[in-house]
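With chain A fixed as given, assemble chains B and C onto it according to the hints.
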Amino acid sequence: MEFTFYLSGAIAVAATLMVITGLNAVHALLYLIVSLLAVAIVFYVLGAPFAAALEVIIYAGAIMVLFVFVMMMLNLGKAAAAREQDWLTPGIWAGPAVLASLLLAELGYIFAQGGTAAGAVAVTAKEVGIALFGPYLLGVELASLLLLAGLVGACHLGRHEDVHHGWDEDERHENG
Amino acid sequence: MWNSLKTMWTIFLHMFRRRVTIQYPDEKPVIPPRWRGRIILSRDPDGEERCVACYLCAAACPVDCIALQATEDEYGRRYPSFFRINFSRCIFCGYCEEACPTDAIQLTPDFEMGEYDRKNLVYEKEDLLIDGTGKYPGYNFYRVAGLAIKGKDKGDAQDEAPPVDLHRLLP
Amino acid sequence: MSELALAWSNVILILAVVFSFAALLSWIERRLLGVWQDRYGPNRVGPFGLLQIAADAIKLLSKEDWVPPFSEKALFVLAPVIIAVTTLLAFAVVPVAPGIGVVDLNIGLLFFLAMSSLGVYSIVLGGWASNNKYSLLGGFRAAAQMLSYEVFMGLSLMGVVMLAGSFNLRDIVAAQEDLWFCIPQILGFITFTVAGIAEARRLPFDLPEAENELVAGFHTEYSSMKFGLFFIGEYVGVILISAMMVTLFFGGWLGPLLPPLMWFLLKTFIVIGFFILLRASLPRPRYDQLMAYAWKVMLPLTLVNLLVTGAIVLAWKS
Chain A
1 MEFTFYLSGA IAVAATLMVI TGLNAVHALL YLIVSLLAVA IVFYVLGAPF
51 AAALEVIIYA GAIMVLFVFV MMMLNLGKAA AAREQDWLTP GIWAGPAVLA
101 SLLLAELGYI FAQGGTAAGA VAVTAKEVGI ALFGPYLLGV ELASLLLLAG
151 LVGACHLGRH EDVHHGWDED ERHENG
Chain B
1001 MWNSLKTMWT IFLHMFRRRV TIQYPDEKPV IPPRWRGRII LSRDPDGEER
1051 CVACYLCAAA CPVDCIALQA TEDEYGRRYP SFFRINFSRC IFCGYCEEAC
1101 PTDAIQLTPD FEMGEYDRKN LVYEKEDLLI DGTGKYPGYN FYRVAGLAIK
1151 GKDKGDAQDE APPVDLHRLL P
Chain C
2001 MSELALAWSN VILILAVVFS FAALLSWIER RLLGVWQDRY GPNRVGPFGL
2051 LQIAADAIKL LSKEDWVPPF SEKALFVLAP VIIAVTTLLA FAVVPVAPGI
2101 GVVDLNIGLL FFLAMSSLGV YSIVLGGWAS NNKYSLLGGF RAAAQMLSYE
2151 VFMGLSLMGV VMLAGSFNLR DIVAAQEDLW FCIPQILGFI TFTVAGIAEA
2201 RRLPFDLPEA ENELVAGFHT EYSSMKFGLF FIGEYVGVIL ISAMMVTLFF
2251 GGWLGPLLPP LMWFLLKTFI VIGFFILLRA SLPRPRYDQL MAYAWKVMLP
2301 LTLVNLLVTG AIVLAWKS
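Residue numbers (this note's numbering), protein chains in the order written: chain A, 1 to 176; chain B, 1001 to 1171; chain C, 2001 to 2318.
Isolated chain A, as found in the complex:
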């Protein structure tokens, strides 16, 4: 189990690096999907199968499909790849890279201390549910409120503007 944890962790890190350095947007997204799948495996190995399944269903399966969808719509060509190339100068990525490597060092330290690594207690779906609707009820409700606001906003944005005068639209179609 230890081995699978480290392997999938390494895959996740490598894939994420490829996401950052990739020039083609769709290829970068594919690496991001791989990275998410690797993270799901990490979750599973750490004893959180529910979180792992949700990671795949929601992140890899739904949200990333939306991302890919948008990328396909944008039809980015060679010009976009060239611009990406320009952005990848050391000056831009050095700062975040240093901060991230600090985090990595911290993580390594935690592991070296023998923190909660592989072999932790399994968290079942029931426990997740009890936690969400017990001590974290307020947080869940706030998040759902936020989602509702987002939904209403999307509904407003996606509304047809001239719903109330349909004959106007018909006329325009005839003229157009």
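Simulated from the structure, these hints should not be mistaken for lab results.
Some hints here could point you the wrong way.
Straight-line alpha carbon distances no greater than 20 angstroms define the calculated SDA-like cross-link-like pairs of lysine to any residue that follow [stated by the list, open to error]: (1) A:K126 - C:D2104; (2) C:K2296 - A:M72; (3) C:K2296 - C:L2147; (4) B:K1150 - B:E1160; (5) B:K1125 - B:T1102; (6) B:K1006 - C:I2190; (7) C:K2133 - A:M72.
Frame of chain A; chains B and C shown alone:
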């Protein structure tokens, strides 16, 4: 939803209907006699070629698949020296049959003409000519036409008065 | 050691059965479609036309395996692999009969949902990598359709999970000992069926490959065995959805007299027949109708089902 379910039930019941498929190579379909299939050249009841090589069929053909050459025998009867139909071009429209003044060229209910070699689809006169009269038994162009040929002089045709002797000038 | 051998024989057996059945399904489907359209269907090659499968396989194998020069080559090759892998992986959790099955996951149901949601990448990427406008449109349609139908596909199964109290598919089957879930979960059953057809891209909802508008949709540029993989992937998907419907709503292997395996196969086959009947009878909806149907009819229906089931389970438990 209910409508869809009703549709599905109806389609399901079609399982018990009679099949409409005719299992072709094992079971031959009945083809109407006026079917426009393989083209033939017919003969008149006397056993002579009906075709008078007038070129009307070649002119009527929209895809130019008919080629022929007219010639005459020693008595002045016209016939084609060769008659060639390229069936890889033919669209079986039947215009040649409509154009033919002597009912010589006819379309038949035969459609099984598949070949592995395209060249074999070019039919010559000996492939086209049949021994019978085809769809119009009894019709004999030269028996109703005024032209004199071997064995039939002027005035011998059906319902034909003998020719007027121009030199006598008497009624 | 014998346990390992047993596990491996299980895996190989299920793989072989699924693959051969998927191939056979291409013949069964054509015969059944013929039967429902007053025809015979393929009956020339071999007894009852059974060797049609072999003829098709030879045809597919001997065709030119063409990768278009204008395509995104790596993704183009990868796309058909994804669908075959994800649908076959999802089969790992299907409980065929007691003792027959690849793995017994605690989160089996979620695993199935995860794999079916990953399968859409195959279609989307295949459509995008082909670099062809029809393929791209097919890919778009697939992405939007899958996203919309996945939303309530997962939710429609939560009623079953509530009743069974587990994500484990074997527990779910065992919970149907007294009553199949298709009766208390009739709404969930209907919504899952609709979502399942859309997930398998079967005919009323085959918008991604709608022949009469998009040539062949996402697999326009595919030929030979790459097309064959898409084809097999679709049929394996049909078998998978049918097997899941049987597992979740029709009591899986449960049934009197016959051995459990027979019951499972029989039920699955009936559901597959139902899928083919759908294909034979229903027309394809327009694209906006499809999306409106998912969001405005099916999703509210699923939420109502979830609410009512939750309330009843709560009242019954306390």
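> Are B:K1006 and C:I2190 close enough, with their CA atoms no more than 20 angstroms apart?
Replying inline: Holds, at about 16 angstroms.
> If you draw a straight line from the CA of B:K1125 to the CA of B:T1102, is it 20 angstroms or shorter?
Replying inline: 17 angstroms, holds
> Holds or violated: are the alpha carbons of C:K2296 and A:M72 at most 20 angstroms from each other?
Replying inline: Violated - the C-alpha atoms of A:M72 and C:K2296 are around 26 angstroms apart, more than 20 angstroms.
> Are the Cα positions of C:K2296 and C:L2147 separated by 20 angstroms at most?
Replying inline: 14 angstroms, holds
> Does C:K2133 pair with A:M72 here, judged by a C-alpha cut-off of 20 angstroms?
Replying inline: 11 angstroms, holds
>> Run the distance test for A:K126 versus C:D2104: straight-line Cα separation, threshold 20 angstroms.
In response: With a Cα-Cα distance of about 18 angstroms, the restraint between A:K126 and C:D2104 holds, given a limit of 20 angstroms.
>> So if I understand the rule, the pair passes when the alpha-carbon distance is 20 angstroms or less; does B:K1150 with B:E1160 pass?
In response: 17 angstroms, holds
Hint 2 from the list above is the single one not met by this structure.
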